[in-house]
Amino acid sequence: MFNKIKGNFNTQTWVLIPIAIAINIAVGQIVVLLKLPVYLDSIGTVLVAVLCGPWAGALTGALTNIIWGLAIDPNALPWWPVAFFIGYMAGRMAQWGFFKSWWKVAVTGFVVALTAAVVSTPIAVYIYGGITASGSSFITAYLLQTGQGIWQAVFSTGFLVEPVDKITTAMIAFAIILGLPKRTVGGYPKPEQVEVEGGSKNELYIALGVVVLLILIAAFVLRGILGG
Amino acid sequence: MPERLSFHIKRDSALHHLNPLTKLLLVLTLILTAFLAPFYWTPHILAVLFIPLLSILGKVGREYFSTAIRLILPAATFLFAMQAFFQPVGEEIIFEFYFLDITRESFLFAFSNAMRIVVMVSAFTIFLLTTHPSELMSDLTRRGLPGQFAYVIISTLQILPQMQAKAQTIISAQRSRGLETEGGFFKRAGALVPLIGPLVFGSLVEVEERAIAIEARGFTSKHVKTSLHEIPDTSTDKLLRWFLTALILASIGLRIWLS
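Line by line, the protein sequences give chains A and B. Residue 1 is where the first sequence starts when you use the numbering used here, and the numbers rise one by one after that. Residue 1001 is where the second sequence starts when you use the numbering used here, and the numbers rise one by one after that.
These aren't lab readings, by the way, just hints derived from the structure by calculation. Treat the hints with care, as some may be off.
[Stated by the list, open to error] Listed below are the simulated DSS-like cross-link pairs for lysine-lysine, each with C-alpha atoms no more than 27 Å apart in a straight line:
#1 A:K6 - B:K1166
#2 B:K1222 - B:K1166
#3 A:K182 - B:K1166
[Said to hold, decoys possible] Coverage of chain B stretches by chain A, computed from C-beta distances (three or more under 8 Å per stretch; other residues unrestricted):
#4 1059-1069
#5 1146-1157
#6 1208-1219
[To be verified] Cβ-to-Cβ under 7 Å is the rule here; a few derived chain A residues that face chain B:
#7 G7
#8 Q12
#9 L34
#10 V107
#11 I131
#12 I176
#13 G186
#14 P189
#15 N202
#16 A207
#17 L208
#18 V210
None of the values given here were measured: they were computed from a predicted structure. Beta carbons are placed, not taken as given, at the ideal position from N, Cα and C, and that holds for glycine.
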C-alpha cells in the first residue's frame, strides 16, 4: 500500500502538482470570465491523476481547494474531499485503462462526475443544510419546493450538473496529453496509462455518441430517483 | 499584481510572535467550537466579539475589517439570503415576498449558519495576516512534515499570481488578434481553446527543467536539512496548545453529552 502511494511521486510529480493547482484555479477563472455554464476547475487534478496516479491526483485536488479557499474564495474550502475523490477516481480509471481513447475518456469523466455528486451531497447537507452559495442551488431549492427530501434534492442536483462539467474536463485533459511531447510524458510515473489506442478520426464521433448515451442514461436514472 | 500570494503583514505583536502551529491550532479550535458547541449563541459571540478582539491584539485590525467588509460579509449575506428563503423548515412565516417566504426556523438556522462561515473564514484571515507562509512551512517541516509538501504549498503560492498574470496577457493578446470573448454561447465556448491552450502548454513545458533544477539542489535527499531561520517555540506556546486542545475536547464532549 505505502509503496504504491510512493510510486505516484517522483520529482517531476512534485513539480507538476503546484503547476496543476495553478492551472485549476486559472482555468476556473477564465471559464467564469467567459460565462460558460461549467466549472472546469479540475483539469490540472485530472492531468496529475492520469500521469502520476490516483494518490497524486487526490493530493492535488485537496490542496487546490484548500489553497483556493484560503487565498481567493472561502466557500471553496469545505469541498476539498470532493476534489480529493475526483483526483483519486480519475487516477483509478486511468489505471484500469480508461484514458486511452476519446470514448473511454468520456466514460472516465462520467464516473468521476458520479463520484463527485456522491461525495458532495453529505457536505452540502451537513455544512450548508442543502443550500450552498453556488448557482446550482436554485435547482436544489426548486426540488425542495416540489416536496423532495433534502438528500434526494441535493443528490439530484449534483447528478444534473456534474456530468457535463466532468466529461468536458476529462476530454480537455486528454487533448492536452495528446499535445504533449512523448519525452515529457515519459518522465512521469505512469506514462503507459495514456498510450493512445485506435487513433482514427472516427473515435471522436464514437465519443460523442457515448456522451449522448450516458446523458440519456443519467436522465433516465434521475427520473427513477425523482419518481421514487 | 503581488509577486507572491500572501496576506502576511509584518508587525510586532503578541500574535505575530506565537509559534505558527499554536496559531493553526487556535484557528482549528475556533472553527470546531463554532460548529460543535451546543449553545445557539456561540458562533455569534465568536464572530462579533472574540475575533475582532483577536485582530486588534494582532495589530491587524484595520486590514481585518477591510477584508471582512469587502469579502466575508458579502459572501455570508448571500449564503444567509439563500438559506433563509429556501430552507423548507418551520411553519411560522415572518416575511413574505411573492412566492418566497422566510419562517422563524429558517431565519434562525440561516443566521447561525452564516455566522459559522464567518467564524471559519475570519479565523483563517487573521491567521494568514499574522503568519508568513514560509515561517509556517519551515516550522511544520521541522516537526516532521515531508519537505515535498512544503515545496508544493510555497511554490503554488508563487506560481499562482504568475499564472494569473500570464492568463491576463493571453486574453489580451488573443483579443487583439480578434478573438471574441463575448457574444453567443458557441462563440464563448470556442474562445476556450485559444485561451487555455497556450496557458497550459506554456506552463507544462517548464516542468522538466524545474525538476532537474531542484533535483540538483538535493530535493530528494534523505539527510536532515538545516534551516537558516530558527522559529521560536516558547513554553507559553506549549501551555496555550494544551489549553486549546482541552477546549476542543470540551466542545466535542458537551455536544455529545447534551444531544
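Going through the hints against the structure:
1. With a C-alpha separation of about 33 Å, the suggested pair K6 (chain A) and K1166 (chain B) falls outside the 27 Å cut-off, and the hint is violated.
2. Using a Cα cut-off of 27 Å, the hinted pair K1222 (chain B) and K1166 (chain B) is violated, with the two alpha carbons roughly 35 Å apart.
3. About 25 Å separates the Cα atoms of K182 (chain A) and K1166 (chain B), which keeps this hinted pair within 27 Å; it holds.
4. For the segment 1059-1069 of chain B, the stated coverage by chain A is not satisfied: 0 residues place a CB nearer than 8 Å to a CB of that chain, which falls below the threshold of 3.
5. By the rule of at least three residues with a Cβ nearer than 8 Å to a Cβ of chain A, the coverage given for the segment 1146-1157 of chain B holds, with 7 such residues.
6. Coverage of the segment 1208-1219 of chain B by chain A holds in this model, with 6 residues showing a Cβ closer than 8 Å to a Cβ of that chain against a need of three.
7. The beta carbon of G7 (chain A) comes no nearer than 14 Å to any beta carbon in chain B, farther than 7 Å, and the hint placing it at the interface is violated.
8. The closest approach between the C-beta of Q12 (chain A) and any C-beta of chain B is roughly 5 Å, which is under the 7 Å cut-off, so the hint is satisfied.
9. For L34 (chain A), the interface hint holds, since its Cβ comes within 7 Å of a Cβ in chain B; the closest pair sits about 5 Å apart.
10. Below 7 Å, beta-carbon pairs count as interface contacts, and V107 (chain A) has none with chain B, the closest being about 22 Å; its hint is therefore violated.
11. The restraint placing I131 (chain A) at the interface with chain B holds, with a minimum CB-CB distance near 5 Å, inside the 7 Å limit.
12. Using the Cβ-Cβ criterion of 7 Å, the hint placing I176 (chain A) at the interface with chain B is satisfied: the shortest such distance is roughly 6 Å.
13. Hint on G186 (chain A) is violated. Least Cβ distance to chain B is approximately 10 Å, over the 7 Å limit.
14. About 12 Å separates the beta-carbon of P189 (chain A) from the nearest beta-carbon of chain B, more than 7 Å, and the hint is not met.
15. Restraint check, N202 (chain A) versus chain B: the minimum CB separation of about 21 Å is more than 7 Å; hint violated.
16. Using the Cβ-Cβ criterion of 7 Å, the hint placing A207 (chain A) at the interface with chain B is not satisfied: the shortest such distance is roughly 17 Å.
17. About 15 Å separates the beta-carbon of L208 (chain A) from the nearest beta-carbon of chain B, more than 7 Å, and the hint is not met.
18. Taking 7 Å as the C-beta contact cut-off toward chain B, the hint placing V210 (chain A) at the interface is violated, the least distance being around 20 Å.
The earlier numbered hints that this structure contradicts are 1, 2, 4, 7, 10, 13, 14, 15, 16, 17, 18.
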